[in-house]
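2 protein chains.
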Amino acid sequence: MRDAYHEELDSLTNKLVLMTTLVRSAISRATTALLDSDLQIAESVISRDAEVNATFEEIETSIFELMARQQPVAVDLRMVITALRMGTDLERMGDLAVHVAKVARLRHPDTAIPPEVRPTILQMGQIAETLVTKAGSCIASQDVESALELESDDDAMDKLHRRLFRNILSKEWPHGVEPAIDITLIGRYYERYADHAVRVAGDVVYLVTGARPS
Amino acid sequence: MRDAYHEELDSLTNKLVLMTTLVRSAISRATTALLDSDLQIAESVISRDAEVNATFEEIETSIFELMARQQPVAVDLRMVITALRMGTDLERMGDLAVHVAKVARLRHPDTAIPPEVRPTILQMGQIAETLVTKAGSCIASQDVESALELESDDDAMDKLHRRLFRNILSKEWPHGVEPAIDITLIGRYYERYADHAVRVAGDVVYLVTGARPS
Numbered sequence: 014m015r016d017a018y019h020e021e022l023d024s025l026t027n028k029l030v031l032m033t034t035l036v037r038s039a040i041s042r043a044t045t046a047l048l049d050s051d052l053q054i055a056e057s058v059i060s061r062d063a064e065v066n067a068t069f070e071e072i073e074t075s076i077f078e079l080m081a082r083q084q085p086v087a088v089d090l091r092m093v094i095t096a097l098r099m100g101t102d103l104e105r106m107g108d109l110a111v112h113v114a115k116v117a118r119l120r121h122p123d124t125a126i127p128p129e130v131r132p133t134i135l136q137m138g139q140i141a142e143t144l145v146t147k148a149g150s151c152i153a154s155q156d157v158e159s160a161l162e163l164e165s166d167d168d169a170m171d172k173l174h175r176r177l178f179r180n181i182l183s184k185e186w187p188h189g190v191e192p193a194i195d196i197t198l199i200g201r202y203y204e205r206y207a208d209h210a211v212r213v214a215g216d217v218v219y220l221v222t223g224a225r226p227s
Numbered sequence: 014m015r016d017a018y019h020e021e022l023d024s025l026t027n028k029l030v031l032m033t034t035l036v037r038s039a040i041s042r043a044t045t046a047l048l049d050s051d052l053q054i055a056e057s058v059i060s061r062d063a064e065v066n067a068t069f070e071e072i073e074t075s076i077f078e079l080m081a082r083q084q085p086v087a088v089d090l091r092m093v094i095t096a097l098r099m100g101t102d103l104e105r106m107g108d109l110a111v112h113v114a115k116v117a118r119l120r121h122p123d124t125a126i127p128p129e130v131r132p133t134i135l136q137m138g139q140i141a142e143t144l145v146t147k148a149g150s151c152i153a154s155q156d157v158e159s160a161l162e163l164e165s166d167d168d169a170m171d172k173l174h175r176r177l178f179r180n181i182l183s184k185e186w187p188h189g190v191e192p193a194i195d196i197t198l199i200g201r202y203y204e205r206y207a208d209h210a211v212r213v214a215g216d217v218v219y220l221v222t223g224a225r226p227s
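Chains as they are written, first to last, in our numbering: chain Z, 14 to 227; chain S, 14 to 227.
Pulled out of the complex, with its shape left as it was, chain Z reads as follows:
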């Protein structure tokens, strides 16, 4: 049986996994809001971010209590420190999903996404979801091998990001500057979302091995 202290550490892990599910849902709905110009879904991403923030605050509070009361050392200390860092990244991922949703809201009832770039945005959304889902799985399993795999999914995101720029910059781009700006920002949001997911996985590696992936 685990003692109260280790139950608290487990609860921390569970809350981080919960955050990954919340921000996965957020980016998934944000992509839908963009592609369908769906105002209601955009609004839901924006309003539900409060839940992400509240979960992070619970994590912060638990960590401070744990550290003050239990003074964890060695791997337990690494656990609480990395939990704080993972929570920070996940909270930011929620914000980035909100940014995407806000572009959808701003352009509603029009769409921010012209047909030429819809496939790229769809795929960026899918990779973002895959990355955060894998990150959640890594947090739960503490599996270093799978944590290291996230890097290659992120390479796919970077490729899509570059393709997005090629689209906007092609001579055939007929939509002018405003959609190009929207898409530049949206592309950046997805790319940053993916970076944060990779950092979360990197923290799992650090937690287990004591060394960060290069």
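Worth flagging that the hints you see were computed from the coordinates, not collected in a lab. Keep in mind that a hint or two might mislead.
[As the list claims (entries may be wrong)] Quick partial rundown of chain S residues pointing at chain Z, CB under 10 Å, derived from the structure: (1) Phe-77; (2) Val-157; (3) Leu-161; (4) Arg-201.
[What the hints assert, rightly or not] Simulated restraints, written as ranges between beta carbons of each label pair: (5) Z:Ala-63 with S:Thr-26: 31 to 41 Å; (6) Z:Glu-191 with S:Ala-17: 51 to 61 Å; (7) S:Ser-60 with Z:His-174: 37 to 47 Å; (8) Z:Lys-184 with S:Glu-162: 20 to 30 Å; (9) Z:Phe-77 with S:Glu-162: 25 to 35 Å; (10) Z:Ala-17 with S:Thr-26: 28 to 38 Å; (11) Z:Pro-122 with S:Ala-153: 30 to 40 Å; (12) S:Ser-60 with Z:Leu-182: 22 to 32 Å; (13) S:Glu-164 with Z:Pro-122: 51 to 61 Å; (14) Z:Ser-60 with S:Glu-162: 26 to 36 Å.
[Said to hold, decoys possible] Which stretches of chain Z does chain S cover? Using the computed rule of at least three CB atoms under 8 Å from a CB of chain S, they are: (15) 29 to 36; (16) 58 to 64; (17) 77 to 88; (18) 182 to 190.
Note that the Cβ used here is the ideal one computed from N, Cα and C, for glycine as well.
With chain Z held as given, fit chain S onto it using these hints.
Relative to the frame of chain Z, chain S by itself:
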């Protein structure tokens, strides 16, 4: 006289202040690289980011050693936790300066910044420098009043950021899509840089009062 433990905490503060001076210099030089199309200065921002990262690694290492050995409580615990967070933000600010420098390098010997937006970019650079300099001063002084002032400087940054979009989107914008994309990204980098500086100041408020500014 201070004991070795408190000297270590002081050294942590000094290293954070050092990081603010490094990333201030980085954003200052990045702005110059942009406005002067100066490749050498751009390269210096990119190569010197290693020093920012190394300083952050020293901070991380000290914190882990401190926590393992001294098991700080109460305000000292808040100190090491917020130091970790401030270091993370400052390290990111260095990255953002590098992103700005890379746009300058990419467009060299041309400029990424058409004349219409030069004053706005210059001012964004100046506010970024002001914010990080004030943040460094707050870390050293632990002055809550001045830490809270950073919010209003950040409002000025947000105004400039909006002005930048008005520039790019005006009917008179003659430069087409590519410079608009560069400027969209550059604007985003300065704005994020400022956000991180405000977060650092917010951490000073938290450190001193135990509560985060709303």
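The hints, checked one at a time:
1. About 7 Å separates the beta-carbon of Phe-77 (chain S) from the nearest beta-carbon of chain Z, less than 10 Å, and the hint is met.
2. Hint status for Val-157 (chain S): violated, given a least beta-carbon distance of 20 Å to chain Z, over 10 Å.
3. About 21 Å separates the beta-carbon of Leu-161 (chain S) from the nearest beta-carbon of chain Z, more than 10 Å, and the hint is not met.
4. The criterion of a C-beta within 10 Å of any C-beta in chain Z is met by Arg-201 (chain S), whose closest approach is roughly 6 Å, and the hint holds.
5. The supplied range of 31 to 41 Å is met by Ala-63 (chain Z) and Thr-26 (chain S), whose beta-carbon atoms lie about 34 Å from each other.
6. At about 59 Å, the CB distance of Glu-191 (chain Z) to Ala-17 (chain S) agrees with the hint of 51 to 61 Å.
7. About 24 Å separates the C-beta atoms of Ser-60 (chain S) and His-174 (chain Z), a value inconsistent with the hinted range of 37 to 47 Å.
8. At roughly 48 Å, the beta-carbon separation of Lys-184 (chain Z) and Glu-162 (chain S) lies outside the given 20 to 30 Å, and the hint is violated.
9. Between Phe-77 (chain Z) and Glu-162 (chain S) the C-beta distance comes to about 27 Å, which sits within the given range of 25 to 35 Å.
10. Distance hint for Ala-17 (chain Z) and Thr-26 (chain S): a CB-CB separation of about 35 Å, consistent with the stated range 28 to 38 Å.
11. The hinted range of 30 to 40 Å is not satisfied by Pro-122 (chain Z) and Ala-153 (chain S), whose Cβ atoms lie roughly 52 Å apart.
12. Judged by the Cβ atoms, the range 22 to 32 Å given for Ser-60 (chain S) and Leu-182 (chain Z) holds: they are separated by roughly 28 Å.
13. Checked against the hint of 51 to 61 Å, the C-beta distance between Glu-164 (chain S) and Pro-122 (chain Z) comes to roughly 35 Å, which is inconsistent with it.
14. In this structure the supplied range 26 to 36 Å holds for Ser-60 (chain Z) paired with Glu-162 (chain S), their Cβ-Cβ distance being about 31 Å.
15. Requiring three or more residues with a Cβ within less than 8 Å of a Cβ of chain S, the coverage given for the segment 29 to 36 of chain Z is violated, as only 0 such residues are present.
16. For the segment 58 to 64 of chain Z, the proposed coverage by chain S is not satisfied: 0 residues have a C-beta within less than 8 Å of a C-beta in that chain, short of the threshold of three.
17. With 6 residues having a Cβ less than 8 Å from any Cβ of chain S, the segment 77 to 88 of chain Z passes the three-residue criterion, so the hint holds.
18. Counting residues of the segment 182 to 190 of chain Z whose beta-carbon sits less than 8 Å from any beta-carbon of chain S gives 4, enough to reach three: the coverage restraint holds.
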